[in-house]
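Since the structure of chain V is provided, determine the placement of chain X with the ligands on it from the hints.
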Amino acid sequence: MKEFFKYFADIFTGVRSLLIGMSVTGKYFFSPGQIVTQQYPENRKTLKMYDRFKGEVIMPHDENNHHRCTGCAICELNCPNGSIEVISARIDGPDGKKVRIIDQHIYHLGMCTFCSLCVKTCPENALAFGQEFEHAVFDRTVLTKILNQPGSSILKEIA
Amino acid sequence: MKEVIHTPVPLVEEEEYHINMGPQHPSTHGVLRLVVTLQGEIVKSLKPHCGYIHRGIEKMCEKDTYPQIIHLTDRIDYLSAHINNHAVCLLVEKALEIEVPERVKYVRTIMDELARIQSHQLWWASFGMDLGGLTCFFYGLRDREKILDIWEETTGARFLQSYYTPGGLLWDIHPNFQKDVKAFIKYFRKKIRDYDNILSGNVIFRERSRNIGLMSKEDAISWGVTGPSGRGSGWSCDVRKHHPYALYDKVDFKEILYTEGDTLARYLVRMDEMRESMNIIEQLIDNIPEGDFTAKMKAVIKLPAGEYYQRVESARGDLGLYCISDGNKTPYRMKFRTPSFSNLSVLDHISRDLKIADLVAIGGSLDLVIPDIDR
Ligand code: SF4
Ligand code: SF4
Numbered sequence: 001m002k003e004f005f006k007y008f009a010d011i012f013t014g015v016r017s018l019l020i021g022m023s024v025t026g027k028y029f030f031s032p033g034q035i036v037t038q039q040y041p042e043n044r045k046t047l048k049m050y051d052r053f054k055g056e057v058i059m060p061h062d063e064n065n066h067h068r069c070t071g072c073a074i075c076e077l078n079c080p081n082g083s084i085e086v087i088s089a090r091i092d093g094p095d096g097k098k099v100r101i102i103d104q105h106i107y108h109l110g111m112c113t114f115c116s117l118c119v120k121t122c123p124e125n126a127l128a129f130g131q132e133f134e135h136a137v138f139d140r141t142v143l144t145k146i147l148n149q150p151g152s153s154i155l156k157e158i159a
Numbered sequence: 160m161k162e163v164i165h166t167p168v169p170l171v172e173e174e175e176y177h178i179n180m181g182p183q184h185p186s187t188h189g190v191l192r193l194v195v196t197l198q199g200e201i202v203k204s205l206k207p208h209c210g211y212i213h214r215g216i217e218k219m220c221e222k223d224t225y226p227q228i229i230h231l232t233d234r235i236d237y238l239s240a241h242i243n244n245h246a247v248c249l250l251v252e253k254a255l256e257i258e259v260p261e262r263v264k265y266v267r268t269i270m271d272e273l274a275r276i277q278s279h280q281l282w283w284a285s286f287g288m289d290l291g292g293l294t295c296f297f298y299g300l301r302d303r304e305k306i307l308d309i310w311e312e313t314t315g316a317r318f319l320q321s322y323y324t325p326g327g328l329l330w331d332i333h334p335n336f337q338k339d340v341k342a343f344i345k346y347f348r349k350k351i352r353d354y355d356n357i358l359s360g361n362v363i364f365r366e367r368s369r370n371i372g373l374m375s376k377e378d379a380i381s382w383g384v385t386g387p388s389g390r391g392s393g394w395s396c397d398v399r400k401h402h403p404y405a406l407y408d409k410v411d412f413k414e415i416l417y418t419e420g421d422t423l424a425r426y427l428v429r430m431d432e433m434r435e436s437m438n439i440i441e442q443l444i445d446n447i448p449e450g451d452f453t454a455k456m457k458a459v460i461k462l463p464a465g466e467y468y469q470r471v472e473s474a475r476g477d478l479g480l481y482c483i484s485d486g487n488k489t490p491y492r493m494k495f496r497t498p499s500f501s502n503l504s505v506l507d508h509i510s511r512d513l514k515i516a517d518l519v520a521i522g523g524s525l526d527l528v529i530p531d532i533d534r
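In order, the protein sequences belong to chains V and X.
If you're matching positions, the first sequence starts at 1 in our numbering and goes up one per residue.
If you're matching positions, the second sequence starts at 160 in our numbering and goes up one per residue.
Hints are supplied without guarantee of correctness; some may be wrong.
Said to hold, decoys possible - Some chain V residues near chain X, calculated using beta-carbon distances under 10 Å:
hint, residue
1, Thr25
2, Tyr50
3, Asn78
4, Cys115
To be verified - Straight-line Cα separation of at most 27 Å, DSS-like style, residue types lysine-lysine; simulated pairs:
hint, chain 1, residue 1, chain 2, residue 2
5, X, Lys488, X, Lys222
6, X, Lys253, X, Lys488
7, X, Lys488, V, Lys120
8, V, Lys120, X, Lys218
9, X, Lys488, X, Lys457
10, V, Lys156, V, Lys98
11, V, Lys27, X, Lys345
12, V, Lys27, X, Lys341
13, X, Lys222, X, Lys494
14, X, Lys455, V, Lys120
15, X, Lys350, V, Lys27
16, X, Lys457, V, Lys120
17, V, Lys120, X, Lys253
18, X, Lys338, V, Lys48
19, X, Lys264, V, Lys120
20, V, Lys48, X, Lys345
21, V, Lys27, X, Lys349
22, X, Lys222, V, Lys145
23, X, Lys488, X, Lys218
24, X, Lys461, V, Lys120
25, X, Lys341, V, Lys48
26, X, Lys253, X, Lys400
27, X, Lys222, V, Lys120
Bear in mind the hints are in silico, worked out from the structure with no lab data behind them.
Ideal placement from N, C-alpha and C gives every residue a C-beta, glycine not left out.
One chain only, chain V, in its complex shape (with noise of 0.2 Å):
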């Protein structure tokens, strides 16, 4: 007797908790709320990645093509994976004695992992992480980049 009230017992419990199941699904088919999807390409003009977002690495230059790069090498011996090179030149400084500048500050973004340790270490703050994300290319030589702007020179102060 008692496994016969059990077994129409167990047929309710089961019901019941289907239809609890449901009533969650049914509320978010009715009323969504809040709308979590993102309609990705479309929205590409107000999409706003957030400030320290990790990009990319990127040399930022002033209004006069400055940069702050001195030419240490420092990041390139952080990096882990050999992501950076630099290349410096030396060239006749003001007063006569030979001075180091960078030539090419070259960025493989292909292989960087995003580790943060070039803009971390950086002694000049000479890095930042750029905001842009696209980059999906189909030829891998684009994804090497030489950071120093063509013609830019370090800022005075620094020099």
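Frame of chain V, contents of chain X with the ligands only:
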């Protein structure tokens, strides 16, 4: 009438056959290959083949300095990236006898618990999906997104944060961090009730997961099954309780233990752990002290020659880091004792003589992360 002698002839006479589950199988959650020996539908034995995503992280550590190792540990168990980073930081701080500022400890503990919640959320989502409840997947990921947004704002990355450095944090927390975390806790306390209503109470789910994959406490100990999977068998193995690090000796939290040892028990442990993690965060979030976000560290970190071991409780279990240093700036040898590797080893034992459909449920309940197995 002459009696007919009836000898039942089994359809498959002692004939066993192998099938490959994986390397590309949705329920192995990664590139894990299980060679399952079946008799009909019954699992007779099972051999995991690992190594499909082996990247040689232990070897790579030998050429990397200690701050550089951090970003590799993200990629071991990507769902508890913060916790893995924490292990390296604690190891270095222990070796150099550095006391990190209080603020760092608070932030690290909160971040670790957020990592645990989002890992369990993703596990809940995919576990529900493995057992046929696709709705779970959407709900789980919807809520996990909130945590990823909090991380993106503070650390700059959603997944592989590399946010801790030996001695502290990479950057200070974002001004919105406390507000966002509090909003999330409030939000998730409501949503976790939905989780229970959809899956935990569901009769189909309960009947499918109860009494399968039974693992006794002795099994858990002898196979080294730690984390929520071990605690589902009643083995008190929480590193946070037994060897507290960061602030775990100050906060008040329960170690969740279930004694049934079946798939349902392992499920319930994780559900309760999410609530417990929220309790921990609530105790800390309002009290983050002001101060530095990093201790004073030398530019080049060299550990004194010797052997070091550091354990942390990752979302999957006991993560151990064993390091031999010869006094240089790179370790001589680094070894990771990853929880998923031991948790996988018990799968053969607990899934024998069950149906192959149950194997999916059992595998899901162990919460395996394949890069954590292969490293
Ligand atoms: S970016 Fe910074 S660390 Fe790298 S070479 Fe320039 S100044 Fe040195
Ligand atoms: S973020 Fe890390 S991996 Fe990328 S360039 Fe900088 S140091 Fe190298």
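Status of the hints after comparison with the structure:
This hint holds: Thr25(V) has a C-beta 6 Å from the nearest C-beta of chain X, less than the 10 Å allowed. Because the beta carbon of Tyr50(V) sits about 5 Å from the nearest beta carbon in chain X, less than 10 Å, this interface hint is met. The criterion of a C-beta within 10 Å of any C-beta in chain X is met by Asn78(V), whose closest approach is roughly 7 Å, and the hint holds. For Cys115(V), the interface hint holds, since its Cβ comes within 10 Å of a Cβ in chain X; the closest pair sits about 4 Å apart.
Annotation: proposed proximity of Lys488(X) to Lys222(X) holds, straight-line Cα distance about 9 Å (limit 27 Å). Annotation: proposed proximity of Lys253(X) to Lys488(X) holds, straight-line Cα distance about 16 Å (limit 27 Å). For the given pair, Lys488(X) sits about 19 Å from Lys120(V) by alpha-carbon distance, which is consistent with the 27 Å threshold. Between the alpha carbons of Lys120(V) and Lys218(X) the distance comes to roughly 25 Å, so the proposed pair stays at or under 27 Å and holds.
The straight-line distance between the Cα atoms of Lys488(X) and Lys457(X) is roughly 11 Å, inside the 27 Å bound, and the hint therefore holds. Among the hinted pairs, Lys156(V) with Lys98(V) is consistent with the structure: their alpha-carbon atoms are about 16 Å apart, no more than 27 Å. Using a Cα cut-off of 27 Å, the hinted pair Lys27(V) and Lys345(X) holds, with the two alpha carbons roughly 19 Å apart. Distance restraint check for Lys27(V) and Lys341(X): the Cα-Cα separation of roughly 25 Å lies within the 27 Å cut-off, and the hinted pair is therefore satisfied.
Between Lys222(X) and Lys494(X) the alpha-carbon distance is near 14 Å, which keeps this suggested pair within the 27 Å criterion. This hinted pair checks out: Lys455(X) and Lys120(V) have alpha carbons roughly 15 Å apart, not beyond 27 Å. For the hint linking Lys350(X) to Lys27(V), the alpha-carbon distance of about 13 Å falls within 27 Å, and the restraint holds. About 14 Å separates the Cα atoms of Lys457(X) and Lys120(V), which keeps this hinted pair within 27 Å; it holds.
As the CA atoms of Lys120(V) and Lys253(X) are separated by approximately 23 Å, the hinted pair is consistent with the 27 Å bound. Distance restraint check for Lys338(X) and Lys48(V): the Cα-Cα separation of roughly 20 Å lies within the 27 Å cut-off, and the hinted pair is therefore satisfied. For the hint linking Lys264(X) to Lys120(V), the alpha-carbon distance of about 21 Å falls within 27 Å, and the restraint holds. Between Lys48(V) and Lys345(X) the CA atoms are separated by roughly 25 Å; this keeps the pair inside 27 Å, and the hint holds.
Taken as a hint, the Lys27(V) and Lys349(X) pair is honoured in the structure, with Cα atoms around 14 Å apart against an allowance of 27 Å. Distance hint between Lys222(X) and Lys145(V) is fulfilled; the C-alpha atoms sit about 26 Å from each other, no more than 27 Å. The suggested pairing of Lys488(X) with Lys218(X) holds, with an alpha-carbon distance near 15 Å, which does not exceed 27 Å. With a CA separation close to 19 Å, the supplied pair Lys461(X) and Lys120(V) stays within the 27 Å bound.
Restraint check for Lys341(X) and Lys48(V): the C-alpha separation of about 23 Å stays at or below 27 Å, so the hint holds. Taking the CA atoms of Lys253(X) and Lys400(X), the gap is about 19 Å. The hint holds against a cut of 27 Å. Distance check on the hinted pair: Lys222(X) and Lys120(V) sit about 20 Å apart at the alpha-carbon level, within 27 Å; holds.
In this structure, none of the earlier numbered hints is contradicted; all agree with it.
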